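If you want the building blocks of each chain, they are given just below.
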Amino acid sequence: NAGVTQTPKFQVLKTGQSMTLQCAQDMNHEYMSWYRQDPGMGLRLIHYSVGAGITDQGEVPNGYNVSRSTTEDFPLRLLSAAPSQTSVYFCASSLGLQGGGYEQYFGPGTRLTVT
Amino acid sequence: AQKVTQAQTEISVVEKEDVTLDCVYETRDTTYYLFWYKQPPSGELVFLIRRNSFDEQNEISGRYSWNFQKSTSSFNFTITASQVVDSAVYFCALRNNAGNMLTFGGGTRLMVKP
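Protein sequences, first through last, are from chains A and B. So the first sequence is numbered by this note's numbering: it starts at 2 and just counts up by one. So the second sequence is numbered by this note's numbering: it starts at 6 and just counts up by one.
Derived from the structure by calculation, the hints contain no laboratory data. No experiment lies behind these values; they were computed from the predicted model shown. A hint or two may mislead.
[As the list claims (entries may be wrong)] With beta-carbon atoms standing in for the labels, derived distance ranges: (1) A:Ser68 x B:Gln13: 35 to 43 angstroms; (2) B:Thr83 x A:Ser68: 41 to 49 angstroms; (3) B:Ala86 x A:Gly97: 19 to 27 angstroms.
[Stated by the list, open to error] Coverage of chain B stretches by chain A, computed from C-beta distances (three or more under 8 angstroms per stretch; other residues unrestricted): (4) 12-20; (5) 77-89.
Just so you know, even glycine gets a beta-carbon here, dropped at the ideal spot from N, CA and C.
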């Protein structure tokens with residue numbers, strides 16, 4: 002098992018550019034999520050999905066779009082990058098919501114800089 | 006809304022000292038789940054432990070131990086006889102009863118000096 006994979010590892014964008022961060026998991030997990038990590042603020046939930054075709058907003062969704070067409074993939078799209086989106090982005094997955102308490106498995110992260 | 010507070014932003018200890026990382030949480034759920042994750046300098050997030058709100062038994066795993074006290078909404082983490090390899094950022098997190106929201110604290114950076 003590769004677990005949770007993310008591409009790219011590093012990315013530099015200019016303000017206004019768009020891009021997609023890729024995330025895939027091979028554990029057949031129903032739940033997938035995206036977080037951003039900023040210094041001193043821990044990780045904050047951007048969007049999440051409880052299964053193919055189902056997505057919802059987290060704590061900081063503005064400026065980001067997601068879709069989930071398959072169980073395995075959960076891409077994160079930045080429509081018009083802004084310097085405030087400079088951050089490290091983590092994708093995570095876990096078993097479904099039933100029981101609520103499954104631990105999440107995290108990808109290695111994508112370091113994004115917007116100039 | 007739920008909240009997790011890690012008041013210690015940075016702790017520095019000398020190897021072999023014991024160290025406790027504090028975590029205080031707020032939630033309206035009566036059932037919830039608490040986690041600790043470790044983020045070493047390499048950047049990945051490593052799961053350490055999960056605790057259900059209805060299980061207040063403390064847990065020990067080698068040099069690691071966790072003290073869950075529902076009465077004070079705390080879930081503290083102690084490393085006994087710290088080692089340089091313990092140097093990392095440690096995050097406490099709270100998952101709600103519905104399971105769809107995981108809220109992290111701001112993290113505690115632990116530096117263990119030889």
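Checked hints:
For serine 68 of chain A and glutamine 13 of chain B, the hinted distance range of 35 to 43 angstroms is satisfied, since their beta carbons lie about 39 angstroms from each other. Between threonine 83 of chain B and serine 68 of chain A the CB atoms are about 43 angstroms apart, so this pair conforms to the stated range of 41 to 49 angstroms. Under the hint 19 to 27 angstroms, the C-beta atoms of alanine 86 of chain B and glycine 97 of chain A, about 39 angstroms apart, miss the expected range. Counting residues of the segment 12-20 of chain B whose C-beta lies closer than 8 angstroms to any C-beta of chain A gives 1; at least three are required, and the coverage claim is violated.
Coverage of a stretch by a chain is defined here by at least three residues with a beta carbon nearer than 8 angstroms to that chain's beta carbons; for the segment 77-89 of chain B and chain A the count is 0, and the condition is violated.
Checked against the numbered hints listed earlier, the structure breaks hints 3, 4 and 5; every other hint is satisfied.
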